[in-house]
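Colleague: Given the structure of chain A, go ahead and fit chains B, C and D onto it with the hints provided.
Number of protein chains: 4
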Amino acid sequence: MDREKIGFYVDIVMIILAIFTVFLLFYEMTIAPADVTPADISAGNIPEEVRAVLPKIVLIHKLDLWICIVFIVEFLVRIVKEPDRKAFFKAYWLEIPGMIPFTLPFLNISKTFRVFRLFRLVRLFSMMKRLSRLYQKRFVRNELQYTALIVIMILLFSAYGIFFFERQVNPDINSAGDALWWSIVTVTTVGYGDKVPITPLGKVLGVILMVTGIGVIGVLSGTIASRLLRGYRTEREAGDVQEALRILKLRRAKGEVTEEQYHEIKKDLEEMQGETG
Amino acid sequence: MDREKIGFYVDIVMIILAIFTVFLLFYEMTIAPADVTPADISAGNIPEEVRAVLPKIVLIHKLDLWICIVFIVEFLVRIVKEPDRKAFFKAYWLEIPGMIPFTLPFLNISKTFRVFRLFRLVRLFSMMKRLSRLYQKRFVRNELQYTALIVIMILLFSAYGIFFFERQVNPDINSAGDALWWSIVTVTTVGYGDKVPITPLGKVLGVILMVTGIGVIGVLSGTIASRLLRGYRTEREAGDVQEALRILKLRRAKGEVTEEQYHEIKKDLEEMQGETG
Amino acid sequence: MDREKIGFYVDIVMIILAIFTVFLLFYEMTIAPADVTPADISAGNIPEEVRAVLPKIVLIHKLDLWICIVFIVEFLVRIVKEPDRKAFFKAYWLEIPGMIPFTLPFLNISKTFRVFRLFRLVRLFSMMKRLSRLYQKRFVRNELQYTALIVIMILLFSAYGIFFFERQVNPDINSAGDALWWSIVTVTTVGYGDKVPITPLGKVLGVILMVTGIGVIGVLSGTIASRLLRGYRTEREAGDVQEALRILKLRRAKGEVTEEQYHEIKKDLEEMQGETG
Amino acid sequence: MDREKIGFYVDIVMIILAIFTVFLLFYEMTIAPADVTPADISAGNIPEEVRAVLPKIVLIHKLDLWICIVFIVEFLVRIVKEPDRKAFFKAYWLEIPGMIPFTLPFLNISKTFRVFRLFRLVRLFSMMKRLSRLYQKRFVRNELQYTALIVIMILLFSAYGIFFFERQVNPDINSAGDALWWSIVTVTTVGYGDKVPITPLGKVLGVILMVTGIGVIGVLSGTIASRLLRGYRTEREAGDVQEALRILKLRRAKGEVTEEQYHEIKKDLEEMQGETG
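Protein chains in written order, with this note's numbering: chain A, 1 to 277; chain B, 1001 to 1277; chain C, 2001 to 2277; chain D, 3001 to 3277.
Pulled out of the complex, with its shape left as it was, chain A reads as follows:
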């Protein structure tokens, strides 16, 4: 097996792990109504509502720890191999906070510090970017897909964040689904008001979502609209070409174009018709 192929399969594995780690992120929060750290567990300081799902959470933490080790190793290997390390750091440094495991066995990570988990979503994004760059954009072929990808990232980011900040406080946001629904309703500016952040950090996140997301979703829905309306436009454009041909012939008659120009332009128009017809 040659080098390039190995790189390809490594990338595939890494992206699957990145998606899996985002899944774990949401899953842990879904089953555990309150956060718990290994230090809490060893101290026997376990909230009542978490006790039932404790074995699952311990398993999730173990899985996550191993995945993080894989990411760290892969990152180090990439650094070693990279000729231009400065450019590499500039492009990928945001991945680093995403490599911190959910909990460290010897460390009691405070709740605030856990917001760093959000950076796993950043890693997911930089990973897809890498993939699409290396393999001649086999992955993301056009602007629609690229925009959709950024929208999905923004939505996952804000859904995770709002779930994180509001879960135990806001009676309207109880599940990952609620959080995602809020993100979509907000970013499209529909804003029903059925779910509204009530914590200061949740509101800050809402503002970030509005400022960054509204424009991007505007581009996305604009692109989708132009696709839906393309059927008609194609026909109209074909009509435009017909019209131009008619005028060209009149101009030839009036001697406004030379014979050479006439044939050149006519060829161009016929080519355009071939594309849209």
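Think of the hints as simulated: they come from the structure by calculation, not from any bench. Worth double-checking, as some hints may not be accurate.
Stated by the list, open to error - Derived lysine to any residue pairs resembling SDA-like cross-links, with alpha carbons at most 25 Å apart:
(1) K2086/C with R1227/B
(2) K3090/D with Q2145/C
(3) K2267/C with E1259/B
(4) K2090/C with T1223/B
(5) K1267/B with Q261/A
(6) K1266/B with L248/A
(7) K62/A with S175/A
(8) K2267/C with I1265/B
(9) K3266/D with L2248/C
(10) K3090/D with R2085/C
(11) K3267/D with Y2262/C
(12) K3267/D with L2144/C
(13) K1086/B with R230/A
(14) K90/A with I3265/D
(15) K2266/C with L1245/B
(16) K2266/C with D3268/D
(17) K267/A with I3265/D
(18) K3266/D with I2247/C
(19) K2090/C with L1144/B
As the list claims (entries may be wrong) - Which residues of chain D face chain A? A partial, calculated answer using Cβ under 10 Å:
(20) V3080
(21) L3180
(22) T3188
(23) G3191
None of the values given here were measured: they were computed from a predicted structure. The beta-carbon is built from N, C-alpha and C at its ideal position, and this holds for glycine as well.
Modeller: Structure of chains B, C and D alone, referenced to chain A:
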């Protein structure tokens, strides 16, 4: 009567049937608070709230069965006559699920399966497309009409869907009118929040509506706005032409244009004025 | 006093009457919780809640009757004087329903029929159009003002309509102010949901408002935004001209432009700078 | 120290004072549930809820008085030094109402009159404009920053206003944070409806916010979106240049361009590639 005329009248009949079947779709749901199948009826398993309207529902099912048969026959005839069957299938395969009758006498169709009824709206759309294509766009003449048509389709689709998913669960969505109002309030991003989907499938539908509809309605309201503002713009454009003529005369005086160019450009400007004035 | 001047003062008087009649429209609804007609009054069939304000309402009806007579007379005079009556009718026929008085002494106008009062707003609009056309756009000078005028018309129209349909039914819409607030919150797509139409006709009006208004208000807020940002853009454009001049000088040095072209282009650029600087 | 440097440090001090005075504005309202003037204090007419924070408020008023004096002095110095006083007044007259102190020791300023405090935000804006103009746009370098600045001004203005009008009336708007959240939710047209103005003046402010802000925030989010999507676009543009080069070479082969033209265009394309690559 020649062939083309027969085709025209067949198309007219088919489109009326297509609209009628969509009407039936909403009407059945409006009168029946719960779904009922022929198998249920023969088994005597009729929900209390449906009993009063049972004769109507049975009639609707019979009507629908016959209309579906008409559609299937017409579809088969078109296939037989079509020279390029592959292209035909590619263009019209989405009509097929819309040909499944509401209920089959020998089959107990589950509730989930009934979502296929939504495809009747798809058929409605493909039918209008067919009409407008065959008769030199006599039906849909400009982009405004085409966009409005797509908006109506999206709205009917989502209104039916939300009515289907939320009718028995959501106290705010009780009628086809409620469902349509929700769709319009959502797709324009007004989002009052007086009606909000509460079921997971209703929310998924809401997301589909937002992602596909917001851009299209943006195009529609933009087109309507430009029509409303056209009065002023036309006048301004007429003014622009006047201004250009003035400058052209100055340029002629300065010798910046040859006499030939002057007369050609002047003619062009006068033609433009004729269009807008 | 010459003819043109008389025409000018007549127009001024008519526009004041048109605005006054719209004011009466809102005022009558504000003071009278229920509608009452002369026939009701002569029959002694007066709703309890109206009795207190009955003298005011009778006065409003009398005032309105006289204003309507003025409008009808003025309309007839214009028709008589107009050379191209067909074009005149095409442009102004929508004014006619606005000339029906609030109540006719010998006629018991039903509630539904009163919706025709909305056409007074249409007249207001056509009157402004007339003014701006006749007096070389002295009244509406630029697109911003024209768009703002249309927005105000749409808002008055929908505010009146929603007030008319929802006043006695919807506890959230009690005054002309409430109705206008609802219109603005809806047309900007903010859609708080603090006031939502609950009657079918109110909802239809809401849909009309959304479809026609959202695009126009988009143009309006876009124009206002570009004004607010013009300060910066003007400076940037001045910079653009400087940059173009620099490049032009380089091109002259390289002999890419002839001396003649150089001086012509330079003059153009300097003129552009004079406009923005 | 030369003159220009002194001017620079004076500007820095003034801008810090302007920001500080806006901070005081919000802080006073946050701690004092009701307004109180020196005349009230000397008359012993102090609302119960204010008594506890009275020393702080007196301190704020003193601080504000001194800052206002600094602004007035600085303004007078600028007028004296300015050669074109008319242009100066036209540009900066809106600063003047912002120089009225919160309270004057000898004057009992009514509540309505205090709305003038809003003009401190205007001053903040004109100050930043001044800074960015004088120092070759060192402060505001591009349109994104300029648009963001205007958005922040609009938000601070409406947040202060809504806080001012609704604080004691609206149970949903209790803090500067609430007011800012309402402003952002409104200006982005999300409009959850969790906070809605209920006073007439609050509603007027809401309308002003919608009309002026929605377009500007549209420009802002559009600019941010285009930045987020630039990565992809840059790559695509690089591809466009490659494509154009390929076609150019074919055209050269076909003799459609002269050798001179070919080299000129090729150079242009290579320069464009240098910018985006």
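Colleague: May I ask which of the numbered hints given earlier this structure violates, with the numbers listed in increasing order?
Modeller: Hints 10, 12, 14 and 20 are the ones this structure does not satisfy, whereas the remaining hints hold.
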